[in-house]
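2 protein chains.
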Amino acid sequence: MIKSINKKAIVLISGGMDSALCAGIAKGEGFKLCALHISYGQRTSAREKKAFTDICNFYRIEKRLCADIKYLSDIGGSSLTDMPIKVSEVNLESHSIPSTYVPFRNGNILSIATSWAEVIGAGHIFIGAMEEDSSGYPDCREEFFKSFEQAVNSGTKPQTKIKIITPLIHLTKKEVVEKSLRLNVPLHLSWSCYQSEDKACGECDSCGLRLRGFEMAGERDPLEYKRNIN
Amino acid sequence: MIKSINKKAIVLISGGMDSALCAGIAKGEGFKLCALHISYGQRTSAREKKAFTDICNFYRIEKRLCADIKYLSDIGGSSLTDMPIKVSEVNLESHSIPSTYVPFRNGNILSIATSWAEVIGAGHIFIGAMEEDSSGYPDCREEFFKSFEQAVNSGTKPQTKIKIITPLIHLTKKEVVEKSLRLNVPLHLSWSCYQSEDKACGECDSCGLRLRGFEMAGERDPLEYKRNIN
Numbered sequence: 001m002i003k004s005i006n007k008k009a010i011v012l013i014s015g016g017m018d019s020a021l022c023a024g025i026a027k028g029e030g031f032k033l034c035a036l037h038i039s040y041g042q043r044t045s046a047r048e049k050k051a052f053t054d055i056c057n058f059y060r061i062e063k064r065l066c067a068d069i070k071y072l073s074d075i076g077g078s079s080l081t082d083m084p085i086k087v088s089e090v091n092l093e094s095h096s097i098p099s100t101y102v103p104f105r106n107g108n109i110l111s112i113a114t115s116w117a118e119v120i121g122a123g124h125i126f127i128g129a130m131e132e133d134s135s136g137y138p139d140c141r142e143e144f145f146k147s148f149e150q151a152v153n154s155g156t157k158p159q160t161k162i163k164i165i166t167p168l169i170h171l172t173k174k175e176v177v178e179k180s181l182r183l184n185v186p187l188h189l190s191w192s193c194y195q196s197e198d199k200a201c202g203e204c205d206s207c208g209l210r211l212r213g214f215e216m217a218g219e220r221d222p223l224e225y226k227r228n229i230n
Numbered sequence: 001m002i003k004s005i006n007k008k009a010i011v012l013i014s015g016g017m018d019s020a021l022c023a024g025i026a027k028g029e030g031f032k033l034c035a036l037h038i039s040y041g042q043r044t045s046a047r048e049k050k051a052f053t054d055i056c057n058f059y060r061i062e063k064r065l066c067a068d069i070k071y072l073s074d075i076g077g078s079s080l081t082d083m084p085i086k087v088s089e090v091n092l093e094s095h096s097i098p099s100t101y102v103p104f105r106n107g108n109i110l111s112i113a114t115s116w117a118e119v120i121g122a123g124h125i126f127i128g129a130m131e132e133d134s135s136g137y138p139d140c141r142e143e144f145f146k147s148f149e150q151a152v153n154s155g156t157k158p159q160t161k162i163k164i165i166t167p168l169i170h171l172t173k174k175e176v177v178e179k180s181l182r183l184n185v186p187l188h189l190s191w192s193c194y195q196s197e198d199k200a201c202g203e204c205d206s207c208g209l210r211l212r213g214f215e216m217a218g219e220r221d222p223l224e225y226k227r228n229i230n
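Just so you know, the sequences run in chain order A and B.
For the first sequence, position 216 (counting from the first letter as 1) is numbered 216 according to this note's numbering, and the numbering increases by one without interruption.
For the second sequence, position 170 (counting from the first letter as 1) is numbered 170 according to this note's numbering, and the numbering increases by one without interruption.
Be careful, since some hints might not be right.
[Stated by the list, open to error] With a Cα cut of at most 25 Å, we get these calculated SDA-like pairs of lysine to any residue:
| # | chain 1 | residue 1 | chain 2 | residue 2 |
| --- | --- | --- | --- | --- |
| 1 | B | Lys161 | A | Gly136 |
| 2 | B | Lys27 | B | Leu181 |
| 3 | B | Lys8 | A | Lys157 |
| 4 | A | Lys157 | B | His170 |
| 5 | A | Lys7 | A | Ile25 |
| 6 | A | Lys146 | B | Pro158 |
| 7 | A | Lys157 | B | Lys146 |
| 8 | B | Lys157 | A | Ile169 |
[As the list claims (entries may be wrong)] Okay, the calculated bits of chain A under chain B, using three or more residues with CB under 8 Å as the criterion:
| # | region |
| --- | --- |
| 9 | 113–124 |
| 10 | 186–196 |
| 11 | 212–220 |
To be clear, the hints were calculated from the coordinates, so they are not data collected in a lab.
Everything numeric in this text was worked out from a predicted model, so none of it was measured.
Cβ coordinates follow ideal geometry from the N, Cα and C atoms, glycine included.
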């Protein structure tokens, strides 16, 4: 052995396409995965949980943790968790922060992952965030993850060393689709829609980004949609 | 008005002596307080919640939020939340991290405070953490709070500016007692014991630190203890 690194990793699996690819990449790099799913009172939480389970089964991930942070709905401020706020419809040209932004969601999620990582001795946290094509959420930017990694290492035991890995950070949705197909990532098991749980709505901004990714990659989304999207 | 600053602040109130003083200091500085209490499946959560309510009533804080992060008990790793691990007894000379350390607890707590601050437009988060006399938890050090503040501001909207204020960071428990008495902070309403909910045990490390603070300040703790502590 030339080098010995800690190959135990936590991977955040929301159930979306990005997190499925992220798990596939981490698996392909030989990490021993532990899967963390966060439920934060979002509209489609049951459907996302099913996608999480399906993806874990696909990758034979045994160690799983589902954490409920429904206080984010009590805090409100996002159309994802706050029922009276309308989910924003697709406006891919807009550069403003959409109503589906859940304030500092990734800070909350990474804090949970850090607590778990410190207890089980995982040295890596994989998160499938994307900066460029991510709807403009401030907590999806590479700068944030670097800054948070510093905070993590200054707030845990001296012997704890945790790296936050964002393999998708500079990918576009088009590249996510292409790379997922190349790596046989089970996109048919993933779920992206923010609005419905049976068939995807095809109208919310998450569906919009997903569909555009497939379209630009020249591929067909295996999911069913409520309206004809082709 | 020479300067106009955002005077809305979130104050973390666990119910302990330090958080009571922290609320008193923030109130004394003219901040408009919103109180955040975190329940993380600790043994004494009902008693701590009562202390939180009593302190909020004392300072006439109307806006209150209680967040349940019981996933920390699922994660385990601490005697505070993990019932099979024995709560460490007082060893004030030890420099190692005690069994009551909840991994990255302050990272989790500050993430919740940040989400709430961004939604309600609070520019300050007060937390009564103490570095020198704090049992040696890594997420109680000033370096951690500075680092976390940077992460907060890189992970929230551009117009959001949040300062993390730690007015007790360099105080000892002796000074907490002295300052609390000077500012008429209601220490009789606070609760520190990690182990029991009726009378304080006087044996866990939190009781130990509290009692030593009173002793060194030459004052008497108004709380009742199970064993004779004077």
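Hints versus structure:
{"no.": "1", "hint": "B/Lys161 <-> A/Gly136", "result": "holds (18 Å)"}
{"no.": "2", "hint": "B/Lys27 <-> B/Leu181", "result": "holds (15 Å)"}
{"no.": "3", "hint": "B/Lys8 <-> A/Lys157", "result": "violated (33 Å)"}
{"no.": "4", "hint": "A/Lys157 <-> B/His170", "result": "holds (20 Å)"}
{"no.": "5", "hint": "A/Lys7 <-> A/Ile25", "result": "holds (13 Å)"}
{"no.": "6", "hint": "A/Lys146 <-> B/Pro158", "result": "holds (17 Å)"}
{"no.": "7", "hint": "A/Lys157 <-> B/Lys146", "result": "holds (17 Å)"}
{"no.": "8", "hint": "B/Lys157 <-> A/Ile169", "result": "holds (19 Å)"}
{"no.": "9", "hint": "113–124", "result": "holds (count 5)"}
{"no.": "10", "hint": "186–196", "result": "violated (count 0)"}
{"no.": "11", "hint": "212–220", "result": "violated (count 0)"}
The structure shown violates the earlier hints numbered 3, 10 and 11.
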